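Novice: Given next are the chains, with one letter for each unit.
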Amino acid sequence: MRLDRRMIGLLILTVLIVGNIYIIGIYAPIERTMGVVQKVFYFHISSAWIGMLAFVVVFLCSILYLWRRSEEVNQVAVASAEIGVVFISCTLLTGPIWAYPIWNTWWTWDPRLTTTLVLWFMYAAYIALQGGGAAENRRRFAAVYGIIAFINVPLVFFSARWWRSIHPVIVSSEGMNLDPRMKTALYASIIAFSALYVHLAKMRLSVLRLRKRVETLRENLVY
Amino acid sequence: MRDRLEIKNLSKKLGSRMVLRGVSFSAETGDLIVLTGENGSGKTTMLRLLAGLSRPTGGAVLWNGSPYGIEHGSIGYVAHQPMLYDNLTVWENMQFFANLYDRPLTAIEGLLRRMGLWVFRHELAEILSRGMQQRLALARVLLMDPKLILYDEPFTGLDSAGQELLREALAGQKQKTIQIVVSHTPHLMAGLSFRHLKLADGKAHWGGVS
Amino acid sequence: MNGYLRNIKVVYFRDLKQELRGLDEFLSMVVFGVMLVFITSFAFQLTDVDTSRILPAVLWVTIFFASELAVQRSFAREKERNAIDALLMALGDKSVLFYAKALANFTILLVFGVIILPVLWIFCDVSLRGVNLWLLVFSLVWGSWGLAAVGTMLTAMTVQLPNSRLLPILMFPLLIPLFIAVVRCTDLAILGVTEGALGWVYFVSVYDLLFSLLPLILFEFVLEG
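Each protein sequence line maps, in turn, to chains A, B and C.
Numbered per the numbering used here, the first sequence spans residues 1039 to 1261.
Numbered per the numbering used here, the second sequence spans residues 553 to 762.
Numbered per the numbering used here, the third sequence spans residues 30 to 254.
Hints listed in this document are in silico derivations from the structure and should not be mistaken for laboratory results.
Any given hint could turn out to be false.
[Claimed, not checked] Straight-line distance between alpha carbons at most 20 Å, and here's what the computed SDA-like set of lysine to any residue pairs gives: (1) K46(C) - T641(B); (2) K108(C) - D654(B); (3) K565(B) - A1172(A); (4) K38(C) - G625(B); (5) K38(C) - D654(B); (6) K565(B) - E1253(A); (7) K108(C) - L65(C); (8) K38(C) - W643(B); (9) K565(B) - G743(B); (10) K123(C) - N651(B); (11) K38(C) - K565(B).
Quantities reported herein were computed from a predicted structural model and do not represent experimental measurements.
Model the full structure from these sequences, guided by the hints.
Specialist: The following block contains the structure:
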């Protein structure tokens, strides 16, 4: 019975992702000036979205952990941070692929780019602080860090924006008018990515739970 | 007024191991309790919970009925580590804690003389021997006006004169405080009347009265 | 409240006393700073960059790296013989320890910055004319405080982890907004430009305030044991 439910979930996910690839590849039109390379945009935005979502989850779980001290909550935070760092990496990697042909530069100190990079650093630090997460104090510290880091995100964004606004703004991706079909493709891929996030989080969580169980069993054998 | 310390169903998990699984006992001012148990039975963990340095996984420590109701600075703790600053002198260590406890500095001299540390008062704490550091830790505890004193293996490292000083301190504080002593050598406390509490399998059992 | 402030004072002065007693550590930090300043400005000379423009960047990179050494030391002292346990038992409120330590680290960083700045000034060959001294002092003071606050909070965690080298990777991402802001402030101060400076002054103030108040709630959890 349980297996069946998992299979159905997997099936839905597969349909969503394959459908999404179809929509991006075939349904959405090729952008006139940017050409095919613009298609990376759907992956780029969706990964960034998941990165942000995961970060919010880490933040909420951190507060909840300090309050309730439940290991389950911490596991959700860990799983989320790990998935978040993968998707933020995707964002950071797909960004230049898209940006180079369009902006003619791999990197610019745009506030969004800067914030995303700092986000990546903070995720990495968070995961390092959890350190596999057997020790109670590491979970607690990570929760404190998760809260501070979240509060730091808007600070990074605004400082980067202010600093750029003093210099002339070289590039801006504002005011991009999207074809309705492109919008559909974007929403479709955000939905597909969110489903992927949920699926990955569930898988990671079950691994973490199993590991916890193995540890408990071993400890009980020793003592 | 007699204070009452009540431990209710206290449990503590370290890593994935339940070290304490529901310890319950109570004590009143005037009680001297010797806590024994095998290595790893959770004696130090127990003291740290009572000291408020560690948070219980379950259960509660009640002081006159309220959880952690004891006012700060009223718990003395002679821990396994001397809890001193190496690069401060004996006098400065005492002075620092006297300031925090809001005690007059005049009290320090008498205590240091009593502990035989007066001649070392301008020496850095790091050059003191283990026994001397232990005496200094004891002096720090006596400096304040504790209502609860916790001792973790206080006899280790002390010479016979030091042990005698410790016995005097235990006896001197007996009427005013609740004292809990973790010790493998309760015979060193002969002559003091104490109750015996044994930790085993994460629970506490009362032993005899000596 | 009186007891709270008195305890901060007591711990703060004891920290400074210990720092003075182990002055060699501070001196080696200064030597490290001067060396870093020397190497960077020298490297920029080699590449023919207008060195008068790099001062703010080099100054703050140096202070940021040195800050790691300073804050790490302050908690290592407490953990040496577990004195921190006795201290926490004596203090009613754990945030006392945060403010005392942050103030001590702030003092050390400020002294460090005051030593480093003139050296850097000479190396970079910056004109003294038109410098906005107030803004310069402001950025040095507020920048050091922000650094001390964030650093103190994080070292309190890392010092409790077994041989952990996590401090820099935890600290620097959190410090990036402050870094941007103080580098801008210092730059504007040197150029003597007041336009736009006020915004940065506010920004640094908000950042500092935030990271001075957050520990009031969160420091409790860091030292829970």
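Novice: Would you mind marking each hint as holding or not holding in the structure?
Specialist: Hints and how they fare:
no., hint, result
1, K46(C) - T641(B), "holds (11 Å)"
2, K108(C) - D654(B), "violated (24 Å)"
3, K565(B) - A1172(A), "holds (12 Å)"
4, K38(C) - G625(B), "holds (17 Å)"
5, K38(C) - D654(B), "holds (13 Å)"
6, K565(B) - E1253(A), "holds (13 Å)"
7, K108(C) - L65(C), "violated (30 Å)"
8, K38(C) - W643(B), "holds (18 Å)"
9, K565(B) - G743(B), "violated (36 Å)"
10, K123(C) - N651(B), "holds (17 Å)"
11, K38(C) - K565(B), "violated (36 Å)"
In this structure, the hints that do not hold are numbers 2, 7, 9, 11, in rising order.
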